[in-house]
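Let's have the full structure, built from the sequences with the hints guiding it.
In this note's numbering, the protein residues as written are 113 to 288.
These are calculated hints, taken from the structure and not from any lab test.
Check the hints yourself; a few may be wrong.
[Unchecked claim] Between beta-carbon pairs, the in silico distance windows are:
#1 T158 - E200: 13 to 23 Å
#2 N213 - N255: 27 to 37 Å
#3 K250 - N180: 19 to 29 Å
#4 Q236 - N180: 31 to 41 Å
Bear in mind the structure is a predicted one, so any value in this text is a computation, not a measurement.
Positions of the beta carbon are idealized from the N, C-alpha and C atoms, including for glycine.
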Amino acid sequence: MKKFTFGILGLGVLLLLLILVNPLMNGDRNNSDKVIDENNMKTIQTYLEYEFTGPNEKLSTIFDKGLNSPELQVYIEKNYKPLISNIEQMVSNNYVTTFMNFAHEYGYQLNPVNIDIQKQENTQNNAYNYEVKVEYSKEGQTNTATITGIINLHESGKISLIRKMNDGGLLEDMRN
113 MKKFTFGILG LGVLLLLLIL VNPLMNGDRN NSDKVIDENN MKTIQTYLEY
163 EFTGPNEKLS TIFDKGLNSP ELQVYIEKNY KPLISNIEQM VSNNYVTTFM
213 NFAHEYGYQL NPVNIDIQKQ ENTQNNAYNY EVKVEYSKEG QTNTATITGI
263 INLHESGKIS LIRKMNDGGL LEDMRN
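Following this line, the structure appears as structure tokens:
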């Protein structure tokens with residue numbers, strides 16, 4: 113009878129410990145998820161700032177050398193490769209430096225005045241909605257456009273997909 117009582121008592125103590133420790137383990141997981149989300153948002157923020165700030169004099173000089181120049185490749189490798197998992201695909205799909213190139217070509221300066229990034233809830237694919245309010249200026253005249261889209265991040269924390277981008281007419285306005 114003593115062995116049986118000790119077994120039940122031991123099992124009870126073990127269950128009590130599991131009940132007490134489980135919330136702590138979930139808290140660690142929640143904190144870990146929060147850190148991952150913060151890092152993902154920082155990656156997206158950095159990418160959007162690169163896309164919608166400038167071009168500065170250095171980047172304009174690089175664009176003057178052509179879109180296939182070694183200098184532009186170095187710029188992309190330095191600034192975008194740490195953020196994007198398949199940089200070649202993103203370049204070929206025009207998700208890298210497109211807005212900067214248009215701004216340079218048509219004499220505009222871009223400035224993001226507000227960047228809002230929201231994680232899509234209840235998804236398994238690290239999807240984030242973004243909205244960027246961008247001022248674009250030329251010869252003392254400033255207009256604004258709102259760019260929206262969805263960015264997915266790979267488990268590595270790098271951007272894997274950009275989709276449903278709506279530029280709010282920005283590229284068309286810069287052409288005119």
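Hint check results:
For T158 paired with E200, a C-beta distance near 19 Å keeps the hint of 13 to 23 Å intact. Between N213 and N255 the Cβ separation comes to about 19 Å, which falls outside the hinted range of 27 to 37 Å. Against the hinted window of 19 to 29 Å, the Cβ-Cβ separation of K250 and N180 comes to about 26 Å, which satisfies the hint. The given range of 31 to 41 Å is respected by Q236 and N180, whose C-beta atoms sit roughly 38 Å from each other.
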